[in-house]
Every structure is written in C-alpha cells, then in structure tokens.
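Trainee: Residue-level listing of the chains:
There are 2 protein chains.
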Amino acid sequence: MEFEPILYHPIGLIRTPFKGQARVPFQPWMGKDIEGVIELDPKFKDGLKDLEGFSHIYVIFHMHLIKDYSLMVTPAWDSKEHGLFTTRSPRRPNPIGLSLVRIKRVIFDEAKIEILDVDMIDKSPLLDIKPYLPFFNPFEDVRVGWFEHCKDKILKKMFEK
Amino acid sequence: MEFEPILYHPIGLIRTPFKGQARVPFQPWMGKDIEGVIELDPKFKDGLKDLEGFSHIYVIFHMHLIKDYSLMVTPAWDSKEHGLFTTRSPRRPNPIGLSLVRIKRVIFDEAKIEILDVDMIDKSPLLDIKPYLPFFNPFEDVRVGWFEHCKDKILKKMFEK
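These protein sequence lines are chains A and B, in that order.
Numbering-wise (this note's numbering), the first sequence opens with residue 8 and increments by one.
Numbering-wise (this note's numbering), the second sequence opens with residue 8 and increments by one.
Worth flagging that the hints you see were computed from the coordinates, not collected in a lab.
What you are looking at is a predicted structure, and each value in this text was computed from that prediction instead of being measured.
One should not assume that every hint holds.
The list makes no distinction among identical chains, and a pair is therefore deemed to hold if it is satisfied within one copy or across any two copies.
Claimed, not checked - Under the rule of at most 16 Å between Cα atoms (straight-line distance), these lysine to aspartate or glutamate pairs were calculated in the EDC-like manner:
| hint | residue 1 | residue 2 |
| --- | --- | --- |
| 1 | Lys111 | Asp148 |
| 2 | Lys52 | Asp116 |
| 3 | Lys164 | Glu59 |
| 4 | Lys26 | Asp85 |
| 5 | Lys50 | Glu121 |
| 6 | Lys52 | Glu121 |
| 7 | Lys130 | Glu42 |
| 8 | Lys52 | Asp148 |
| 9 | Lys56 | Glu88 |
| 10 | Lys56 | Asp116 |
| 11 | Lys52 | Glu88 |
| 12 | Lys160 | Glu42 |
| 13 | Lys56 | Asp75 |
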C-alpha cells in the first residue's frame, strides 16, 4: 500500500513533570493526580471558549521521543506478547498519544489549560483537543481481550494511591 | 510559537459507505450500525494479534477532505457558537479524527477489520488503532459543558434507530 505522507503542525506544547523517556508512566495509575499545563499557541485561544464547563478532555499529542515501533508487545502488567494495536505501547508506527485528562483550570487569556492525570513527556507537541462525552460511549457489554485478567490488578493500583 | 512540522505515514485505509463530505454523519447517532472495513497495510498485520477478544477500538484517522478550520463552531444540535475544542467539528487545525467503533470481525490473514458505527468518509487514511478500555475512564462526575442541555436530545436520537 502506498500513501501520501500527512503533515501536521503542532498547536501547542504540553508541560509535565516527566522529563525523559525513562520516567514516563506507562501504567495508567501512575499519572493519577499528576499536574501538567497545556500551552496552546495563542492564535488558537478562541477555540477554548466554554471549555471551563467540561471536567475532562481527550488530548491528542505527538510522542516526540519515539523513534521506532514494535508490532508485538509484552505489556508491563502481563507476561505474554500481544499485538501492538491491542496495547497502549508508545512504540507505534505513528506515535500519536491519546490521553484522557482532567481539567483543573482554563486560563483563557493566557491560552493555557491546567490539567491533572498527565502521562505524557514534558514538551510533547499538542495536535488536538477533543471533548470527552462519556454518554456517547458504551460502558457495559464491552470486551477487553487480554486486559480482562489484568483489569482488577490495574484498578486496584489506581485506587491505592 | 514555532514548531517543527510532524510527518505521519498512513498505516491503512478505512472503507465506509460515505463517499463525500456532504454525507458524513456529524451527528453521532447517524453512524450507528453503519458498516465499514479497516484495510490495514499488510506489513502491520501482526499488530492485530489478539484483537478478536476486544469489542471496541478507537480509530485515529486523517480527515483528508478538510482543508480549513474555524475556532468558533455552531454545532448541529445547538443554536449557539462554542469554542472549537469543546466540539467534534472536523474543521480543526489538525484534522485528526477519533472514532470509537465496534468490531464485527477481525480477518487477520487479510489484515482487515470489519467494523460497525463508522462515521468517517470513505478512504480516510488510518493513522492508529488503540484499545478501548472503559474501566480506566470516569463515567460519573463528568461535566460536559454546553452538551449538558443537548445530551438527552442526542441520546434519544441514538436509541430511536
């Protein structure tokens, strides 16, 4: 298959306490309550209007330190290999990150959003922000494959903190 | 703010019944039960291993027909303007689509996934696939801003079909 490459221009920067690849919390419970700041390019400021009414957003960003990918992955909380697209491994053909974060405060005049539960590396380039609308999403009757037997372990860790 | 542009290479193509921009279902209930096929580049086939155990995936794709953006948007189900990043409008600085779809069947040998609830235009370039793990996500104590007063209208439409 041959495709045209796609060019995106970051719309801002994500500031977090995670300075290098080694310290990134691949485990979801490790991002819990960690604070970060989205510094939006001021020219996109108007796009933040009314965002203060939302508690959560999806943040789509570029995982700028990732240089390769692996189609088979042994996740941190399992001992078996699984196909990449069933995992949250950052080593993907297109290293696009998708994180659901909590909004702490929208500082409209500075084009900034203070966020919680960050799991991205400091200075990750921001690509997009989308509203989190859980009432559109299924919650029951969802099958999660090999995560099923790790689910309780992960949730326990999340609520331990 | 000045950033390096980011280059991605599509990993496949999404086939859907929506042939042009005009027919895209911007309303979430319009994609319900609509079938599509993800045609993954066969070189990434191994990344699909174990996917048949999952009922849903996030599909991240390029909205290839979008040529501009608007920072203020009047959504289909509201009469007021809102900031772009509180909406699902496709006219974004980086036209990255994020759809949650149901898996109908994984055809591993052909590197294909038959999916349901598609809302993308035919031949949208695929950028990434991620597992949907709702037990990580909050469902209660979520505030959805201006969507709050449209929520019931939208849900009613979704279940009417």
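Trainee: Any of the earlier hints contradicted here, and which numbers?
Mentor: 3, 4, 5, 8, 12, 13
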